[in-house]
Amino acid sequence: MTHASSSTQNPVLKDAADARHDRQFRWLLTATAVFVLVTLAGAALSMLWGGRSVLASEGLHFFTSSDWNPVENKYGALVPIYGTLVTAAIAMLIAVPVSFGIAFFLTEVAPRWMRGPVGTAIELLAGIPSIIYGMWGFFVLMPVMREYMIPWLDTHIGPLPIIGALFRGPPIGAGMLTSGLVLSIMVVPFIASTMREVFMTVPARLKESAYALGATKWEVSWDIVLPYTRSAVIGGVFLGLGRALGETMAVAFVIGNSVGFTTSLLEPSTTIAALIANDFGEATETYRAALLLLGFVLFLVTFVVLALARLMLSNLSRKEGNR
Amino acid sequence: MSTLSISLYQRRRIINALAITLACAAALFGLLFLGWILWTLLAKGITHFNLALLTQDQPPPMEAGGLRNAIIGSVLMCGMGVLVGAPLGIAAGTWLAEVGGHSRLGTVVRFVNDILMSAPSIVLGLFVYAAFVMNTGGKFSAIAGALSLAFIVLPVVVRTTDEMLRLVPIQMREAALSLGVPQWKVTMQVLYRSALPGIVTGILLALARIAGETAPLLFTAFGNEFFSLKITGAMSAVPLVMYKFAGSGFENWEHLAWAGALLITLFVLAISLIARFLLLRNRASHD
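These protein sequence lines are chains A and B, in that order.
The first sequence runs 1 to 323 under this note's numbering.
The second sequence runs 324 to 610 under this note's numbering.
Extracted from the complex, chain A is given alone in its bound form (with noise of 0.2 Å):
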């Protein structure tokens, strides 16, 4: 009789135990997950915050000035903005249908055998350390552009008219097209394998049908593929244009840390990221204000690329019934 009765009782309290210590578990991984979402947010604010004298000082005057001159206060941010987007557009120009075309070699054109290993080789290209470009970039490619490519499109490009200017300049090596050149290199890897990712779940009888057709390989990559998956495709671009934008070490070695304004591509300029790496550590505190104003700025610009990137992939998997 006994034993019964501890039977029925104990399993009660047991269960009333279970139930507390569940409640407890949903409760802890639920704060962790919120505190995800604050760190972001976090992120944003603190920067803003610690940047808003600047704000208030310099206004709109400072996204449309490129006077940039931390000895008298004076903070226009105009060149930094313009070099970021300079050169992330040439990385992207480059790395777009550079990446394009090594998903479609990865996908159809390659034999079998020789898929995996490439595939692999090209994400390890994504997991070298962004510094390590920046080095291979100022002790290699910077030679290279000094000693050939410069003074060729100085002399032949130099002396078009309107796109000239972008080409004329003295044999430096730093500037806007090394930076971008490394910036290429760099994202062709993150956007080649999103790209093979997405090319890979299009539905293996679309693809039949068409070759069945007497469609070619590269009428099946472009007319069947490319459709299918257009917007992740666009999604995956985004994300490597976000890491184009925000690069830091890769650029900074690259760049010359110039905050002149030049139109030549061949001169050294200053980005966003490599001007904050750059002068940081030994800013004063209004200067160092300015720099998290621009370090939030450039949050702001990376996050509206990102969430783009991040809703067209979405949209993919949603067509797969995935999510």
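Honestly, the hints are just simulated from the structure, not real lab data.
Honestly, I wouldn't trust all of these hints.
Stated by the list, open to error - Derived, one-sided and incomplete: chain B residues facing chain A with beta-carbon distance under 8 Å:
id: 1; residue: L411
id: 2; residue: V431
id: 3; residue: V446
id: 4; residue: A453
id: 5; residue: L502
id: 6; residue: P505
id: 7; residue: G535
id: 8; residue: A538
id: 9; residue: A569
id: 10; residue: G572
Unchecked claim - Below, in silico cross-link-like pairs of lysine-lysine (DSBU-like), each with a Cα-Cα straight-line distance of 35 Å or less:
id: 11; chain 1: B; residue 1: K462; chain 2: A; residue 2: K74
id: 12; chain 1: A; residue 1: K14; chain 2: B; residue 2: K508
id: 13; chain 1: B; residue 1: K553; chain 2: B; residue 2: K462
id: 14; chain 1: A; residue 1: K74; chain 2: B; residue 2: K567
id: 15; chain 1: A; residue 1: K207; chain 2: A; residue 2: K217
id: 16; chain 1: B; residue 1: K553; chain 2: B; residue 2: K567
id: 17; chain 1: B; residue 1: K567; chain 2: B; residue 2: K462
Cβ atoms here follow ideal geometry from the backbone N, Cα and C, with glycine treated the same way.
Based on the hints, put chain B in the right spot on chain A.
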């Protein structure tokens, strides 16, 4: 009609051949730069890749030395970063997969996490500076450096934990729950055991990412010329020394920078290959 279709056929063939050639060129382009960068690393780094690298501290210009203080600093800060970031990431990832992943909050958290994962690392460094360093009297410290690295670890671990837990078959949960096991025990003892290789992979990938991170450490850990184990003071890290030494113009400093670069790259590549191997084995066991 036949001449028209033949010319059309020819044109399509030419376009196809051209596209395939360009695709091969693109793949070669990628491989070429991978090879070129690795070759530069090896050629410049191998000469000073020796025992002194591990046993001596960073030298003044034009003197012999190694990177011991920086290596110890890197190990300490990466270790602390993973210790802080990984448990938080596992918990948040578990929440996404097991509790609230389908709610509105879950969608928002997943979205924000994905953005945090690709956010520029320098922004995270600025965040830690503004939120932590400025509030502790503007003093650079290894703790601040580790914190900024933890914010890089966090989203990667959240993502992989979430994905790996969702790969665990629903029957496992149902079987355990139908035996009367409470949910926290199901998670801790059944799900984690099954998803462990995947979660470890995530942590390894995160470690590979932070090992070479420079930007967030610049104004959190700041760097230190001397050997230091004090985590409340400024501390050196291999990438920080590389950044300082690479463009310095002193020959021995540049050699050390390349040796450090080689060390970091070898470490990162080894870790990614191990992670890849773990993941493949895990996939195979699920099939």
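Tested hints:
1. L411: Interface hint status for L411(B): holds (5 Å vs cutoff 8 Å).
2. V431: holds (7 Å)
3. V446: This hint holds: V446(B) lies near chain A, its Cβ roughly 5 Å from the closest one there, short of 8 Å.
4. A453: Cβ of A453(B) sits 4 Å from chain A, so the hint holds.
5. L502: Violated. Min distance 12 Å.
6. P505: holds (4 Å)
7. G535: Since the shortest Cβ distance to chain A is 2 Å, the answer is holds.
8. A538: holds (4 Å)
9. A569: Constraint on A569(B) satisfied, holds at 5 Å.
10. G572: Violated, because the Cβ-Cβ distance from G572(B) to chain A comes to roughly 12 Å (cut-off 8 Å).
11. K462(B) with K74(A): Within the cut-off at roughly 27 Å; holds.
12. K14(A) with K508(B): holds (13 Å)
13. K553(B) with K462(B): Given that 35 Å is the threshold and the Cα spacing comes to 13 Å, the pair holds.
14. K74(A) with K567(B): Judged against 35 Å, a Cα distance of about 28 Å means the pair holds.
15. K207(A) with K217(A): Holds, at about 9 Å.
16. K553(B) with K567(B): holds (21 Å)
17. K567(B) with K462(B): Distance of about 20 Å is within 35 Å: holds.
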